[in-house]
Amino acid sequence: MGPREPHVRLGDADERRYGPAKRQLFERIRGRCLMLAAGTGNDFRLFPAGLRIVALDVSRAMLERARPRAAAYAGGLALLQMDARRLAFRDACFDTIVSVCTFCSVPDPVLGLRELHRVLKPEGRLLVFEHVRSRLGPLAMMQDLLTPLSRRFGPDLNRDTLGNLSRAGFRVVREENVYLDIVKAAEAVRG
Amino acid sequence: MIRDDRAFAVMEYAGGAITAAATAAAIHAVIDPHWDMVLAMVVGTAIGAAIHILAAVALGPFVGMFPAMASGSLIGMYGGMLFAMRDSMQDASWFQSLGVAVVFGVCVVAVVQLYDRALRGTSIVEGGSAGRP
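For the record, the sequence lines run as chains S and X.
If you count the first sequence from 1, position 44 lands on 44 in our numbering, and the numbers rise without skipping.
Start counting at 1 in the second sequence, then tack on 1000, and there's your number in our numbering.
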């Protein structure tokens, strides 16, 4: 685990655990970048400085909370309200797309990923940081049992997001286990 | 200053011990040697599953949600089944019940941490070799 992340408090364990892995993933961003599900903008501080980023969220309230963090980013960061399944961008216009814990809760994730496939340039990269269903039997069973409960509050725990990448036409070229085989960082290209 | 990963490891062990002790205590309070063993194991698993959810919610902010859930689910469900089996067969004392539970919880966390270390790293690199950072 790397150095302590700034602006985190006791209780932000997930931020402290996964911040370094996210920062490492974001170092692979090149060119014009699209970020999905910006949320409150908590991950903006992990972006390398000087990038041109368009950050989306489906919720206007989340974007309002993200605005101060976007303003503090040392680069160009525009916020837009948009659904990941219906992107208002022309084909092949982004060099990099970043998705952090998005496709655990997007309804019809393959549809959303196909939309990313459409707006990503042919030589572009999709960087994902997601939690997925474990391949270890006891843990996978736990995830399957808890998903009906977790779905009431937000994410599914047992999505096969890397499999969905393939179903949407991407090819995974790099996959890293961040915690067990549940939390993963991956890089994909158009297949 | 203690590094984050060491602090998390210690908190995971503490969390595992607490989850196991809470599971064993609840099962010890409910199940006694008059119970049918199979029924006791089913009830123990259910009690453990419920307690692990509560424990994950309580411990998640301190150790991370997935680490709390991964260890907690194994401790709650499988530990719950074992603790209930023991309590249906044997008139164990509270000290024995909680002591064994703490040892079980710590052992499960140790196995999960070992597994995490074994799995951590890059598993696919196109045009290159896989390896650990």
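A couple of the hints might just be wrong.
With the Cβ distance kept under 7 Å, some of the chain X side facing chain S (calculated, not the full set) [what the hints assert, rightly or not]:
#: 1; residue: F1066
#: 2; residue: S1073
#: 3; residue: V1106
#: 4; residue: R1117
Facing chain X, from chain S, some residues (calculated, C-beta under 7 Å) [said to hold, decoys possible]:
#: 5; residue: L139
#: 6; residue: L162
#: 7; residue: N177
#: 8; residue: V183
These aren't lab readings, by the way, just hints derived from the structure by calculation.
Beta carbons: idealized from backbone N, C-alpha and C, even for Gly.
Structure-based check of all given hints:
Residue-level restraint check for F1066/X holds (minimum Cβ-Cβ distance to chain S is 5 Å; threshold 7 Å). Annotation: S1073/X was flagged as interfacial toward chain S, and the flag holds, the nearest CB pair being 4 Å apart, inside 7 Å. Annotation: interface hint on V1106/X violated; nearest CB of chain S at approximately 18 Å, more than 7 Å. The closest approach between the C-beta of R1117/X and any C-beta of chain S is roughly 10 Å, which is over the 7 Å cut-off, so the hint fails.
Because the smallest distance between the Cβ of L139/S and any Cβ of chain X comes to about 6 Å, under 7 Å, the interface hint for this residue holds. Interface hint at L162/S: violated, since its Cβ lies 9 Å from the closest Cβ of chain X, which is beyond the 7 Å cut-off. The restraint placing N177/S at the interface with chain X holds, with a minimum CB-CB distance near 5 Å, inside the 7 Å limit. Annotation: interface hint on V183/S holds; nearest CB of chain X at approximately 6 Å, less than 7 Å.
In terms of the numbered hints stated before, the structure departs from hints 3, 4, 6, listed from lowest to highest.
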